[in-house]
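As a plain string of letters, each chain reads:
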Amino acid sequence: MIDTSIILQAVIDGAGVGLIYGLVGIGYCVIYNATGIVNFAQGVFVMLGGMLTYTLLTSLGLPMIVAVAIAIPLVGVVGVVIEWFIVKPMLVRNSPMFAIILATLAVQIMIERITIMTAGDQPRTFHEFTAGGPLRLGPVAVGYQLIWVLVCSVGLVLLLTLFFKYTRIGNAVRACAQNRDAAALLGIPVARMLAVSFALSAALGAIAGILITPSQYTAFNVGVPFGVSGFIAAIVGGFGSASGAFVGGIVLGVAQAVAIIIFGAGYKTVAALAVLLLVLLLFPSGLLGKRSEK
Amino acid sequence: MTLLSVSNLTKSFGGIVANDSVSFDLNEGDIYAVIGPNGAGKTTLFNLISGVLRPTSGSVQYAGRDITGLAQADIAALGVVRTYQLVQLFRQRTVEENVQIGFHLATRGGVGAALFRPGWVRRQERMVREKSRELLRLVGLESQAGLVADKLPYGQQRLLKIARAMAAGPKLLMLDEPAAGLDTQETSVLGDVIQRINDQGITIVLIEHDMNLVMRMATRITVLDFGKKIAEGTPVEVKVNPAVLAAYLGEAELE
Amino acid sequence: MTLRSTISAKPQVWATALAIAVAVALLAYVFGRGGYVVTVMGFAVIYGVFVTGLNLFMGYAGQASFGQNAFAALGGYGTAVLCADYGLEPIVALVLSATLSAVIALIVGYPTLRLRGHYLAMATFALGLITYELSIEQSGLTRGFMGFSGIPPLGLGRFQLLSERAQLAVFILIMLLGVWVARRLRGSRFGRALLAIGESEPAANALGIQVFRYKLVAFVIAAVYASVAGSMFAHFVGYISPEVFGLSMVTLSFTMLYVGGIGTLWGPIAGAVLVSFLPQLLRGFRDMQDIIYCLALIVILIFVPKGLASLWSLAVRRSDVPAER
Ligand SMILES: Nc1ncnc2c1ncn2[C@@H]1O[C@H](COP(=O)(O)OP(=O)(O)O)[C@@H](O)[C@H]1O
Ligand SMILES: [Mg+2]
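Residue numbers (the numbering used here), protein chains in the order written: chain A, 1 to 294; chain B, 1 to 255; chain C, 1 to 325.
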């Protein structure tokens with residue numbers, strides 16, 4: 001019989017990873033809402049966030065805060081480049097949905113290979129933001145990094161909500177989401193708004209990658225698992241709301257953590273796919289979704 | 001003989017009553033027209049008969065059998081086939097392929113039949129080829145058989161839709177605004193095609209705004225307005241009906 | 001009418017003759033020269049089988065699967081384990097693995113194919129990741145990331161295809177069988193229904209085509225093709241590893257599909273051959289291979305989404321347009 005405290009610990013840690021999935025999931029939604037496409041390269045932003053920060057920390061010896069402040073906008077620029085050179089030309093040509101998905105997937109592989117060539121194929125990690133810990137709460141331990149994850153996630157969701165509600169750019173992106181043609185008629189520079197959504201989404205992914213690296217590791221190939229889990233989190237949460245993505249992420253993170261204890265590490269993605277298939281069977285529009293599926 | 005009998009058919013969408021206790025009978029061999037202003041509930045009526053929507057109340061009898069609330073595919077299999085206002089052709093497929101795809105319900109066979117092609121499958125395929133040619137001839141498109149459907153002019157695309165629907169082997173063919181957007185020349189070709197189909201013994205229900213066409217072709221007409229049947233009769237009777245004139249006031253189409 | 005069809009048949013005949021001549025010349029060269037060219041051709045043929053199946057699902061039914069590599073992995077590891085560890089006949093192992101792939105395709109396809117687009121895309125993508133992770137993790141069965149070696153070549157009973165040439169010859173027959181099946185399906189009621197679904201689901205539905213069921217069957221068939229390709233690979237190389245069936249298999253196969261022409265019968269095969277031989281010309285760029293593939297794929301997707309097939313139809317269709325228009 002497995003000890004209950006082990007299970008409890010797994011639930012706590014799983015929930016922490018789930019918040020990361022939530023962040024990645026929101027990244028998908030931001031792009032999907034603005035462009036109607038699913039960016040399969042989403043996971044690569046997570047990888048780049050971790051890798052770039054690692055490189056800035058070790059090779060340039062920068063302090064954490066500076067490294068992070070450079071890494072996040074850099075990844076945002078990568079997002080804009082993808083939008084500019086691949087997504088936009090395909091949207092203009094009315095390419096079918098799966099051709100666009102495929103192109104983003106190809107970008108993902110290209111970035112992975114470039115990462116191997118420049119930074120090697122070894123896993124990397126860096127120290128937690130705050131030394132010390134963990135906090136002991138009865139039988140379970142809560143690492144300081146987990147608290148960082150929680151605080152940053154909540155903070156980001158608040159910021160995003162404010163951004164979309166109260167800023168001009170945020171409103172413009174939302175207008176594009178509702179109807180691109182109408183938005184263009186209103187004089188909104190639609191193309192620029194698509195770029196904004198990619199930048200935003202890439203930055204979210206980078207932050208997720210930076211937050212998770214101290215408690216796990218980063219390597220050229222962590223993008224795909226995070227991308228898949230993030231997308232599943234977004235679907236489970238109903239593919240639309242930020243809070244939905246977090247709920248979906250937490251459900252997924254916990255399910256994976258428990259599956260790892262029971263079946264072994266190889267079953268992480270099996271658990272994720274099982275959650276996805278079950279949710280699609282039982283709640284076709286997600287746990288918290290209102291919209292009917294597309 | 002009565003082929004289709006609609007009684008007290010009602011459908012409401014929330015507050016809107018799109019069909020309000022509509023009743024009418026149509027006989028085998030009729031060309032029956034349903035007319036009325038936009039939003040009168042004509043398409044809804046078609047959706048109820050063909051099983052796309054379930055009625056709130058009322059019933060549909062077809063060939064002496066209650067078909068109310070049956071699934072779309074089952075109703076089509078009984079011989080009630082319709083064209084849709086909005087459903088498209090397979091634009092990248094050839095004209096002939098479009099009709100051949102239309103034979104889906106009238107034929108059988110899956111993967112096994114495709115691979116091993118037993119005698120019955122070969123005969124069926126030959127039948128599909130011959131009959132599609134025949135249908136293309138019926139609508140006057142046989143010389144365009146190999147053309148990609150997208151390349152057809154608008155009027156001929158409409159004829160192709162009808163040929164595709166005919167492939168399902170209808171006894172009752174329901175056409176939703178077949179002449180919409182066609183010019184006089186194209187409309188007159190369409191009228192001839194409908195007449196030829198009817199001559200083959202196929203009963204037709206037609207939603208149409210083109211009054212010339214309706215008056216020329218219809219054996220009987222039902223007029224809907226705000227979901228209610230306000231008149232029924234022969235073209236001549238309907239034309240002079242004051243309620244109809246009132247409903248169409250300002251549309252001047254009846255003249 | 002007859003006159004016009006004979007005239008327009010001409011370029012078709014010439015183009016076909018040319019294509020056959022190129023194929024024969026290529027085969028003569030490959031079998032005559034031997035050595036690594038046979039190996040490259042073997043990969044091309046294996047991928048030919050793989051993409052012919054994928055083409056049924058994507059090119060005809062218009063659906064997207066990003067996890068066909070999962071089924072190839074199932075076929076590969078199924079064959080490896082059953083032949084090397086349990087001493088089963090290759091053909092039995094191949095059929096058993098393909099059956100397992102079909103069952104898994106059903107389980108994944110059933111909940112996802114009802115929904116459109118990205119859900120299936122992501123579920124299949126996840127499936128690819130799962131088989132990758134499991135093939136590393138379940139090292140008792142798969143020998144983990146070090147890979148599985150010592151897989152016997154294709155054979156039947158005591159008779160084994162020891163030379164690569166002999167295996168290649170049999171592979172070509174298997175591929176031709178695969179193309180023949182695709183052709184039969186394409187020209188049938190089943191195939192017409194798939195084409196209809198690929199173009200317009202509402203229209204297909206209105207004609208009484210059970211869209212969901214047909215998609216599911218097409219998905220299962222594509223999985224069987226992928227699985228057979230995986231089994232072939234295991235026999236041909238004698239060694240497989242998780243990397244072999246990794247993510248780059250997905251983009252590589254899509255590149256072939258798009259280079260050759262998605263939705264055509266022979267295009268995917270032509271694409272498989274071309275894309276397999278191309279890197280032999282760019283030998284210097286070893287490390288850059290995946291990058292070049294991906295870049296090429298992106299460029300094709302943006303600028304020539306119909307691939308080589310668009311050149312073909314240019315050659316064939318020129319005089320096919322009726323004179324009166
Ligand atoms: N699926 C539906 N949901 C809600 N309202 C509908 C639906 N279909 C039709 N209606 C409404 O029912 C009324 C009749 O529509 P319709 O049958 O399409 O009219 P017609 O074909 O005569 O122009 C309209 O007010 C329309 O808005
Ligand atoms: Mg209407």
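In short, the hints are calculated from the structure, not lab data. Here a beta-carbon is modelled for each residue, glycine too, at the ideal position from N, C-alpha and C. Hints may be right or wrong, so weigh each one.
[What the hints assert, rightly or not] Straight-line distance between alpha carbons at most 30 Å, and here's what the computed DSS-like set of lysine-lysine pairs gives:
{"#": "1", "chain 1": "B", "residue 1": "LYS171", "chain 2": "B", "residue 2": "LYS131"}
{"#": "2", "chain 1": "B", "residue 1": "LYS228", "chain 2": "B", "residue 2": "LYS171"}
{"#": "3", "chain 1": "A", "residue 1": "LYS88", "chain 2": "A", "residue 2": "LYS165"}
{"#": "4", "chain 1": "B", "residue 1": "LYS131", "chain 2": "B", "residue 2": "LYS151"}
{"#": "5", "chain 1": "B", "residue 1": "LYS228", "chain 2": "B", "residue 2": "LYS239"}
{"#": "6", "chain 1": "B", "residue 1": "LYS228", "chain 2": "C", "residue 2": "LYS306"}
{"#": "7", "chain 1": "C", "residue 1": "LYS306", "chain 2": "A", "residue 2": "LYS88"}
{"#": "8", "chain 1": "B", "residue 1": "LYS151", "chain 2": "A", "residue 2": "LYS88"}
{"#": "9", "chain 1": "B", "residue 1": "LYS171", "chain 2": "B", "residue 2": "LYS239"}
[Said to hold, decoys possible] Chain C residues, not near chain B, derived (Cβ > 10 Å throughout):
{"#": "10", "residue": "ILE209"}
{"#": "11", "residue": "GLN280"}
{"#": "12", "residue": "VAL299"}
Evaluated hints:
Taking the CA atoms of B/LYS171 and B/LYS131, the gap is about 16 Å. The hint holds against a cut of 30 Å. Of the supplied pair hints, the one linking B/LYS228 and B/LYS171 holds, its CA atoms being roughly 27 Å apart against a limit of 30 Å. For the hint pairing A/LYS88 with A/LYS165, the CA-to-CA distance comes to about 26 Å; that is within 30 Å, so the pair holds. A C-alpha spacing of about 23 Å is found between B/LYS131 and B/LYS151, which places the hinted pair at or below 30 Å, so the restraint holds.
Distance check on the hinted pair: B/LYS228 and B/LYS239 sit about 18 Å apart at the alpha-carbon level, within 30 Å; holds. Between B/LYS228 and C/LYS306 the CA atoms are separated by roughly 52 Å; this puts the pair beyond 30 Å, and the hint is violated. With a C-alpha separation of about 19 Å, the suggested pair C/LYS306 and A/LYS88 falls inside the 30 Å cut-off, and the hint holds. A threshold of 30 Å between alpha carbons decides the hint, and for B/LYS151 with A/LYS88 the separation of about 29 Å falls inside it, so the pair holds.
For a cut-off of 30 Å, the pair hint linking B/LYS171 to B/LYS239 stands: about 29 Å separates their Cα positions. A cut-off of 10 Å between C-beta atoms contradicts the statement that C/ILE209 is not in contact with chain B; the least separation is 5 Å. Distance to chain B confirms C/GLN280 as a non-interface residue, since its nearest Cβ pair spans about 35 Å, more than 10 Å. Here C/VAL299 stays apart from chain B, with its beta-carbon at least about 23 Å from theirs, past the 10 Å limit.
The structure fails to meet hints 6, 10 from the earlier list, while all remaining hints are met.
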